[in-house]
Amino acid sequence: AQKITQTQPGMFVQEKEAVTLDCTYDTSDPSYGLFWYKQPSSGEMIFLIYQGSYDQQNATEGRYSLNFQKARKSANLVISASQLGDSAMYFCAMRERLQGAQKLVFGQGTRLTINP
Amino acid sequence: DVKVTQSSRYLVKRTGEKVFLECVQDMDHENMFWYRQDPGLGLRLIYFSYDVKMKEKGDIPEGYSVSREKKERFSLILESASTNQTSMYLCASRAGLVSPLHFGNGTRLTVT
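Going line by line, the protein sequences match chains A and B.
Numbering-wise (my numbering), the first sequence opens with residue 1216 and increments by one.
Numbering-wise (my numbering), the second sequence opens with residue 11 and increments by one.
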């Protein structure tokens, strides 16, 4: 079963609009963490934002915020006021403990294209 | 700034060859990881290591092995390369459990 699901293979958004990238997860570990990464066409993986399962408030980092709905097991990334430079692949990832080991598993990714 | 360096950006090997992918980090991180990235599949964990000489299998370890003799270096080994191992390989390290992964620039391996 897929641990991290990103249902949007691709998204097209007009510049300056807000965009929400979906991520749902599945885990039985009560102490887990959720990460979002950006991968531009250059290939580097850039860390954007982190949310711990016990964090009471949604994480925010500049124009990025994480809409964390624990009961629904979703951790959507919201980018406000999108810019052309936001065009990239975006990956949701989850840290969980499985059989004593702390693993980080990734979703399939969403390719975001910002149109001028 | 954390620097994770992968020795090769592009690599072309023949079927059956033994292939070494090297990764070095300069921040004294204990945890290191190897992923492969394929279109539509995201990143899949091959192996990871919590400390020197320690290794744990990830989700797709078959056909791979790893070596961690020194804290800063984590090597991925393809014992006998096959065409289905053609992929982008990403190495990463992290300081602790809640710390983000820091990635290298990747090695695009082609096996012919």
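Hints were generated in silico from the structure; no laboratory data involved.
Just so you know, these numbers come straight off a predicted model, no measurement behind them.
Heads up, some of the hints might be wrong.
[As the list claims (entries may be wrong)] Here are the computed lysine to aspartate or glutamate pairs in the EDC-like style, where the Cα-Cα straight-line distance is at most 20 Å:
1. Lys1218(A) / Asp48(B)
2. Lys1318(A) / Glu89(B)
3. Lys1218(A) / Asp69(B)
4. Lys1318(A) / Asp11(B)
5. Lys1318(A) / Asp69(B)
6. Lys67(B) / Asp1244(A)
Do the hints match the structure? See the list:
This hinted pair checks out: Lys1218(A) and Asp48(B) have alpha carbons roughly 17 Å apart, not beyond 20 Å. A distance of roughly 24 Å separates the Cα atoms of Lys1318(A) and Glu89(B); the hinted pair therefore is violated under the 20 Å criterion. Taken as a hint, the Lys1218(A) and Asp69(B) pair is honoured in the structure, with Cα atoms around 12 Å apart against an allowance of 20 Å. For a cut-off of 20 Å, the pair hint linking Lys1318(A) to Asp11(B) is broken: about 24 Å separates their Cα positions.
Between Lys1318(A) and Asp69(B), the direct Cα distance comes to roughly 10 Å. Compliance with the 20 Å bound is thereby established for this hinted pair. A threshold of 20 Å between alpha carbons decides the hint, and for Lys67(B) with Asp1244(A) the separation of about 19 Å falls inside it, so the pair holds.
When the structure is compared with the earlier hints, violations turn up for hints 2 and 4 and for no others.
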